[in-house]
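Engineer: Residues per chain, in single letters:
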Amino acid sequence: MNPLSKLEAFKLDVLKEVGNIGAGNAATALSLLLDRPVDMNVPTVSLIPFERIADRVGGLEQVVTAVYLRVEGEAPGHMFFLMEGEATKKLLNRLLAIEGKGEDGFSEMEYSALAEIGNILAGSYLSSLADFTQLAMSPTVPAIAVDMAGAILTHGIVQYGEMGDSALLIETAFLEGKEELAGHFFLIPDPESFDQIFTALGVSSE
Amino acid sequence: MIRQHVVKVGMADLNIAADGAVLRTTGLGSCVGLTLYDGQAKIAGMVHVMLPTSQIAREAEVKKAKYADTAIPALVELMLVSGAAAGRMTAKMAGGAQMFAFAAQNDSMRIGPRNVESCRTVLSKFAIPLLAEDTGGSSGRTIEIDSASGVLTIRSVQLGIKEI
Chain A
241 MNPLSKLEAF KLDVLKEVGN IGAGNAATAL SLLLDRPVDM NVPTVSLIPF ERIADRVGGL
301 EQVVTAVYLR VEGEAPGHMF FLMEGEATKK LLNRLLAIEG KGEDGFSEME YSALAEIGNI
361 LAGSYLSSLA DFTQLAMSPT VPAIAVDMAG AILTHGIVQY GEMGDSALLI ETAFLEGKEE
421 LAGHFFLIPD PESFDQIFTA LGVSSE
Chain B
50 MIRQHVVKVG MADLNIAADG AVLRTTGLGS CVGLTLYDGQ AKIAGMVHVM LPTSQIAREA
110 EVKKAKYADT AIPALVELML VSGAAAGRMT AKMAGGAQMF AFAAQNDSMR IGPRNVESCR
170 TVLSKFAIPL LAEDTGGSSG RTIEIDSASG VLTIRSVQLG IKEI
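Quick note, the sequences are listed as chains A and B, same order.
Numbering-wise, our numbering puts 263 at position 23 of the first sequence, and it's gapless, one number per residue.
Numbering-wise, our numbering puts 103 at position 54 of the second sequence, and it's gapless, one number per residue.
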């Protein structure tokens, strides 16, 4: 049985709140890291057809920098922090006070800095989520890829393929000033994790 | 011909093209883009396979193009109906990457290599020769097959463009 087909509106609200709490913490962490204010959009929770999942970041072929972490523990899932090329360079400039090397990819040090950003964001997102739900969750070591958004996000949605043609994702965009530059945060819980989350929050699964 | 007609193949989707039209699927990660070609009839087929076997399906109704073991028979069938001949079909494929190499301990994360393996097995059951492939690695791919020539063009962010 597809656990997504019986998601009612109030359950989506619960998931939105889950995203809100995690992303709020992550935004604070990012703003400390950059030493300037970082805002975020209200998270969106949506059941998105596979084909359209990359629309949020410019389409299937849009080249993005992705920090990926697998969430392990009682409510496993996938986490992605995606940035477009220019945003990545700006972020690195701020953080390392060096000029990005341009089109030819990133240096070892820049990759390492990006991984650390992913680590900090995911860590703060997950620890607030774990506090809120009392579920044990921990991120794996971050992996980085610069590639097509479609190919990258597929990594998080194949498990949904066994059940249907859409995946549920909780998405937050970070903003600096009015610019949407800091990136997109995607949390894609494994299909099996929903019951865990709802039960932990006292929402009946039936 | 004024310009080449492009037929898009979505995720877990399949289609065929003839008369010089081109089939394209974008953003392949762990998925496999498998193509069949009948060089005499100039008919090409493409399927965007997402998972290795329909035995794991929990869907009420299995979407054939999604699983290697159901997608390839469905594509062969469609090719035959459209005038291709079984004895003339050849295959090429690309994709099956592991986008994040060291996230690969978990078996469900090894889906790319399993997709490739499953496609090979099904092709050999149909005795369709696999002429060329560009699979594995850790790059996303966009592929196109030209029904006039059977050439499969593969674009990736890190490795540029190649033809097989």
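Be careful, since some hints might not be right.
[Claimed, not checked] Below, in silico cross-link-like pairs of lysine to any residue (SDA-like), each with a Cα-Cα straight-line distance of 20 Å or less:
#1 B/113 / A/298
#2 B/112 / A/271
#3 B/112 / A/416
#4 B/57 / A/301
#5 B/57 / A/431
#6 B/57 / A/329
#7 B/57 / A/299
#8 B/57 / A/271
#9 B/112 / A/329
#10 B/112 / A/301
#11 A/330 / A/403
#12 B/211 / B/71
#13 B/57 / A/330
#14 B/112 / A/406
#15 B/113 / A/271
#16 A/329 / B/211
#17 B/113 / A/302
#18 B/57 / B/137
#19 B/112 / A/292
#20 B/57 / A/416
#21 B/112 / A/349
#22 B/57 / B/212
#23 A/329 / B/206
To be clear, the hints were calculated from the coordinates, so they are not data collected in a lab.
Engineer: Between residue 112 of chain B and residue 271 of chain A, is the straight-line Cα distance small enough, at 20 Å or below?
Structural biologist: Given pair residue 112 of chain B, residue 271 of chain A is violated - Cα atoms ~45 Å apart, limit 20 Å.
Engineer: CA of residue 112 of chain B to CA of residue 406 of chain A, is that 20 Å or under?
Structural biologist: holds, 13 Å
Engineer: Between residue 112 of chain B and residue 416 of chain A, does the CA-CA distance stay at or below 20 Å?
Structural biologist: Between residue 112 of chain B and residue 416 of chain A the Cα gap is close to 43 Å, so the pair fails against 20 Å, i.e. violated.
Engineer: Taking only the CA atoms, is the gap from residue 329 of chain A to residue 206 of chain B under or equal to 20 Å?
Structural biologist: holds, 17 Å
Engineer: For residue 113 of chain B and residue 298 of chain A, compute the direct alpha-carbon distance and say whether it is at most 20 Å.
Structural biologist: violated, 29 Å
Engineer: Regarding the pair residue 113 of chain B and residue 271 of chain A, is the alpha-carbon distance no greater than 20 Å?
Structural biologist: It is violated: about 47 Å lies between the C-alpha atoms, which goes past 20 Å.
Engineer: If you draw a straight line from the CA of residue 57 of chain B to the CA of residue 299 of chain A, is it 20 Å or shorter?
Structural biologist: Judged against 20 Å, a Cα distance of about 14 Å means the pair holds.
Engineer: Please verify whether residue 57 of chain B and residue 301 of chain A have alpha carbons no more than 20 Å apart.
Structural biologist: The given pair, whose Cα atoms are some 13 Å apart, holds under the 20 Å limit.
Engineer: Does the alpha-carbon distance linking residue 330 of chain A and residue 403 of chain A stay inside the 20 Å limit?
Structural biologist: violated, 39 Å
Engineer: If you draw a straight line from the CA of residue 57 of chain B to the CA of residue 271 of chain A, is it 20 Å or shorter?
Structural biologist: violated, 42 Å
Engineer: Are the Cα atoms of residue 113 of chain B and residue 302 of chain A separated by 20 Å or less?
Structural biologist: Judged against 20 Å, a Cα distance of about 28 Å means the pair is violated.
Engineer: Between residue 211 of chain B and residue 71 of chain B, is the straight-line Cα distance small enough, at 20 Å or below?
Structural biologist: Distance ~16 Å between residue 211 of chain B and residue 71 of chain B Cα, so the pair holds.
Going down the numbered hints, you'll see the structure goes against 1, 2, 3, 5, 6, 8, 9, 10, 11, 13, 15, 16, 17, 18, 20, 21, while the others check out.
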